[in-house]
Amino acid sequence: MRYVRMLTKTYKDNTGRSIDLYSLLIEHNGETSLLHPLHEYQLKNHVMSKSWHNKLIQAVELMLDYMDANRHYFSSPKAFFESFAESMHSGTIGEDGYDPSGLYWLPKRTTTAYNLLYSITQFSDWLAENALLKHQTTLTIDMRDMRLQQRESLPSGSTEVLAAKVEGLLPTEINALEHAVSEEFLSHQGWIPDTQGRVKMKGMLLYKAGYVTAIKKILSST
1 MRYVRMLTKT YKDNTGRSID LYSLLIEHNG ETSLLHPLHE YQLKNHVMSK
51 SWHNKLIQAV ELMLDYMDAN RHYFSSPKAF FESFAESMHS GTIGEDGYDP
101 SGLYWLPKRT TTAYNLLYSI TQFSDWLAEN ALLKHQTTLT IDMRDMRLQQ
151 RESLPSGSTE VLAAKVEGLL PTEINALEHA VSEEFLSHQG WIPDTQGRVK
201 MKGMLLYKAG YVTAIKKILS ST
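Residue numbers (the numbering used here): 1 to 222.
Derived by calculation from the structure, the hints in this document are not laboratory data.
In this text, all values refer to a predicted model and were calculated from it rather than measured experimentally.
Errors might be hidden in some of the hints.
[Claimed, not checked] Cross-link-like lysine-lysine pairs, in silico, BS3-like; alpha carbons within 27 Å at most: (1) Lys-200 with Lys-9; (2) Lys-78 with Lys-202; (3) Lys-55 with Lys-78; (4) Lys-108 with Lys-9; (5) Lys-12 with Lys-44; (6) Lys-55 with Lys-44; (7) Lys-44 with Lys-200; (8) Lys-50 with Lys-9; (9) Lys-78 with Lys-108; (10) Lys-12 with Lys-55; (11) Lys-216 with Lys-202; (12) Lys-108 with Lys-55; (13) Lys-200 with Lys-217; (14) Lys-200 with Lys-50; (15) Lys-216 with Lys-200; (16) Lys-9 with Lys-44; (17) Lys-208 with Lys-44; (18) Lys-50 with Lys-12; (19) Lys-55 with Lys-208; (20) Lys-9 with Lys-78; (21) Lys-12 with Lys-78.
[Said to hold, decoys possible] Quick list of the computed label-pair ranges, beta carbon to beta carbon: (22) Ser-83 with Thr-111: 19 to 25 Å; (23) Met-6 with Lys-200: 36 to 42 Å; (24) Asp-125 with Asp-68: 19 to 25 Å; (25) Met-204 with Tyr-98: 44 to 50 Å; (26) Glu-184 with Leu-25: 14 to 20 Å; (27) Pro-171 with Glu-95: 31 to 37 Å; (28) Gly-30 with Glu-95: 34 to 40 Å; (29) Arg-109 with Leu-25: 43 to 49 Å; (30) Thr-15 with Phe-74: 45 to 51 Å; (31) Met-6 with Ser-49: 32 to 38 Å; (32) Ser-33 with Ser-101: 23 to 29 Å; (33) Ala-79 with Leu-25: 25 to 31 Å; (34) Leu-219 with Gln-189: 35 to 41 Å.
Every residue gets a Cβ at the ideal spot worked out from N, C-alpha and C, and that includes glycine.
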């Protein structure tokens, strides 16, 4: 997959004001297009500093390079991200000085690798949340009276989903969702999920009941 940085100008209204951001133009399967999820995420965070955007783009470029050099080597998004993170920290060159992938990455300083991986993680979280919101309209909630007693028995603040079918998720969206609720990611962030799907950190509620369970139901229906 080939890519190039390009300056984008986005007009959000009928004024002369524009949001000017460098983003990525990619070529894939003979087609060239803007990497829209990345650009949309950047627009949402356009007030962030130039260095923030540069770091994000650099992290995505590294991930695209690693993905292109290691096609068909990983059975799951989790395995891919773990190996990608390890390569960021340790480099890709063997003891004999050879790197079959052709990347020839040198080991990065711990802080540098962490900051780049953090940028990717935040982007992935946003993709997961965005995908969840995008597909919430496809959830079917049974509101018939015969279910009233069962609904009343649910814990306060929870939602009963009786039927849910999600279609058309892209591999990157599935990857983002799986990563968002993976034990490794939650543990790394210091977040603790409970049986009702809430996510907490040091007793503080980060995501309400149903967050983790809803994502897992979406994944199980794909």
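Status of the hints after comparison with the structure:
{"no.": "1", "hint": "Lys-200 with Lys-9", "result": "violated, 38 Å"}
{"no.": "2", "hint": "Lys-78 with Lys-202", "result": "holds, 25 Å"}
{"no.": "3", "hint": "Lys-55 with Lys-78", "result": "holds, 22 Å"}
{"no.": "4", "hint": "Lys-108 with Lys-9", "result": "violated, 33 Å"}
{"no.": "5", "hint": "Lys-12 with Lys-44", "result": "holds, 12 Å"}
{"no.": "6", "hint": "Lys-55 with Lys-44", "result": "holds, 16 Å"}
{"no.": "7", "hint": "Lys-44 with Lys-200", "result": "holds, 25 Å"}
{"no.": "8", "hint": "Lys-50 with Lys-9", "result": "holds, 15 Å"}
{"no.": "9", "hint": "Lys-78 with Lys-108", "result": "holds, 21 Å"}
{"no.": "10", "hint": "Lys-12 with Lys-55", "result": "holds, 25 Å"}
{"no.": "11", "hint": "Lys-216 with Lys-202", "result": "holds, 23 Å"}
{"no.": "12", "hint": "Lys-108 with Lys-55", "result": "holds, 14 Å"}
{"no.": "13", "hint": "Lys-200 with Lys-217", "result": "holds, 20 Å"}
{"no.": "14", "hint": "Lys-200 with Lys-50", "result": "violated, 31 Å"}
{"no.": "15", "hint": "Lys-216 with Lys-200", "result": "holds, 17 Å"}
{"no.": "16", "hint": "Lys-9 with Lys-44", "result": "holds, 14 Å"}
{"no.": "17", "hint": "Lys-208 with Lys-44", "result": "holds, 22 Å"}
{"no.": "18", "hint": "Lys-50 with Lys-12", "result": "holds, 20 Å"}
{"no.": "19", "hint": "Lys-55 with Lys-208", "result": "violated, 30 Å"}
{"no.": "20", "hint": "Lys-9 with Lys-78", "result": "violated, 35 Å"}
{"no.": "21", "hint": "Lys-12 with Lys-78", "result": "violated, 36 Å"}
{"no.": "22", "hint": "Ser-83 with Thr-111: 19 to 25 Å", "result": "holds, 21 Å"}
{"no.": "23", "hint": "Met-6 with Lys-200: 36 to 42 Å", "result": "holds, 41 Å"}
{"no.": "24", "hint": "Asp-125 with Asp-68: 19 to 25 Å", "result": "holds, 24 Å"}
{"no.": "25", "hint": "Met-204 with Tyr-98: 44 to 50 Å", "result": "holds, 48 Å"}
{"no.": "26", "hint": "Glu-184 with Leu-25: 14 to 20 Å", "result": "violated, 32 Å"}
{"no.": "27", "hint": "Pro-171 with Glu-95: 31 to 37 Å", "result": "holds, 33 Å"}
{"no.": "28", "hint": "Gly-30 with Glu-95: 34 to 40 Å", "result": "holds, 39 Å"}
{"no.": "29", "hint": "Arg-109 with Leu-25: 43 to 49 Å", "result": "violated, 29 Å"}
{"no.": "30", "hint": "Thr-15 with Phe-74: 45 to 51 Å", "result": "holds, 46 Å"}
{"no.": "31", "hint": "Met-6 with Ser-49: 32 to 38 Å", "result": "violated, 20 Å"}
{"no.": "32", "hint": "Ser-33 with Ser-101: 23 to 29 Å", "result": "holds, 26 Å"}
{"no.": "33", "hint": "Ala-79 with Leu-25: 25 to 31 Å", "result": "holds, 29 Å"}
{"no.": "34", "hint": "Leu-219 with Gln-189: 35 to 41 Å", "result": "violated, 19 Å"}
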